[in-house]
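Visitor: Each chain is listed here by its residues.
Number of protein chains: 2
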Amino acid sequence: MQGTQQPTAPHADAYAPTDRTVPTRSANRASYDKELVHAILDEGYVCHLGFVRDGAPVVLPTLYGRVGERLYVHGSTGSRPLRMAGRAEPGLPVCLTVTHVDGLVLARSAFHHSINYRSVVVHGIAHQVTDPEEKRAALDVLVDHVVPGRAADSRPANAKELAATAVLRLDLEEVSAKLRTGGVNDEPEDLALPHWAGVVPLRKAYGTPLADADLTPGTELPGYLADL
Amino acid sequence: MQGTQQPTAPHADAYAPTDRTVPTRSANRASYDKELVHAILDEGYVCHLGFVRDGAPVVLPTLYGRVGERLYVHGSTGSRPLRMAGRAEPGLPVCLTVTHVDGLVLARSAFHHSINYRSVVVHGIAHQVTDPEEKRAALDVLVDHVVPGRAADSRPANAKELAATAVLRLDLEEVSAKLRTGGVNDEPEDLALPHWAGVVPLRKAYGTPLADADLTPGTELPGYLADL
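Chain order of the listed sequences is Z and D.
Reading the first sequence from the start, the letters are residues 1 to 228 in our numbering.
Reading the second sequence from the start, the letters are residues 229 to 456 in our numbering.
These aren't lab readings, by the way, just hints derived from the structure by calculation.
Incorrect hints may have been included.
DSSO-like, lysine-lysine: derived pairs with alpha carbons at most 30 Å apart [what the hints assert, rightly or not]: (1) Lys135(Z) with Lys34(Z); (2) Lys204(Z) with Lys432(D); (3) Lys262(D) with Lys204(Z); (4) Lys363(D) with Lys388(D); (5) Lys34(Z) with Lys388(D).
Turn these sequences into a full structure, and let the hints steer you where they fit.
Guide: Shown next as structure tokens:
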């Protein structure tokens, strides 16, 4: 049966690894699979965006959204990275990182303590979105990334609001995922130690929605929120 | 009574703002209060560490711990930022950012959607810790940051493990917190719109600890885990 196997096809479903997306350590935890990368990105909405200012790194938390092979971040036209991307030709070099923490891995040895996580790191050049239609669609995606279905259930941005908002686009080209899953990896000689060992799962939990005090009486909690 | 007030004392309890810790936008959300910064840092254990490699930004998730006015991160001696910090004299310029997402702010207008969050951004130069005692203490702090009390209930690192681990120190000097709290800030003319508006609180939830299959029979779940 082995002889009937096809050689591995070119990875149309994977990002091509580059020097900076191949980790120097734990390379077995890295993945370039597009489906996995998309799933990790779609589960979150807060990224950490890195850029260089005066030669030094800056890392800021910000919201993001995905449309196909494009990520969008937004901000006030007055914010630092947005202004820098507007000035910079041909765009602003960035590193956009998304991380989900899934569990605490408590080994018998301090050394083998770890975290189960899934992260995506995107390297690239961010460009200001100037097309009004793309900008409006990107802002809808940003809202829907946080709460799916919400964009259609809110007042759309007006011209003044659109003008006050800048949107950056970052193409998914130089991308890697990295993840750790599973249990503890203690040394064999440590297994008999008396310390508890195992994994404490973590998840994000939503509390009860708190309605605005000025809410129009009779406004019901929408289904997309009740389902969270 | 006003006449008896003392002039504001020099802020021994606050970090001095600098050009890069004063945000260009929403400056009213920024704080330099040490107690607040410490509280935000102590609530987390995963940071996003930014550094510059070949002129481009890199942002990686990693664990951190705090001792007084010092932060520590660790990694394999083979990992990229650790090697870079070891090579670089006098250290590696970094930006270390910690973010807690506390709630989703759903306004009636798409434009006023927001996130309640607390973040700390630390700029500085990371140095490799060479003192063995400081290194050992830092590693204990890293474990205890994730699960308080755990370091004492695990096998300490041996000489080989210590040699394989590099620790970076980053002093808390150029630091700011930024936070958004509270409810929706809709425009007055939007208040009568039929869209639900309010805040969905978020929190981190711990699942039931999953014991390692090889756990020594009779090993009970320690109290510091049951209390999580």
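Visitor: Hint by hint, note whether the structure agrees.
Guide: Outcome of the hint check:
1. Lys135(Z) with Lys34(Z): Given that 30 Å is the threshold and the Cα spacing comes to 24 Å, the pair holds.
2. Lys204(Z) with Lys432(D): holds, 5 Å
3. Lys262(D) with Lys204(Z): Roughly 28 Å separates the two Cα atoms, so the pair holds.
4. Lys363(D) with Lys388(D): Answer holds: lysine 363(D) to lysine 388(D) is near 14 Å, not above 30 Å.
5. Lys34(Z) with Lys388(D): Status violated; Cα separation ~38 Å.
Hint 5 from the list above is the single one not met by this structure.
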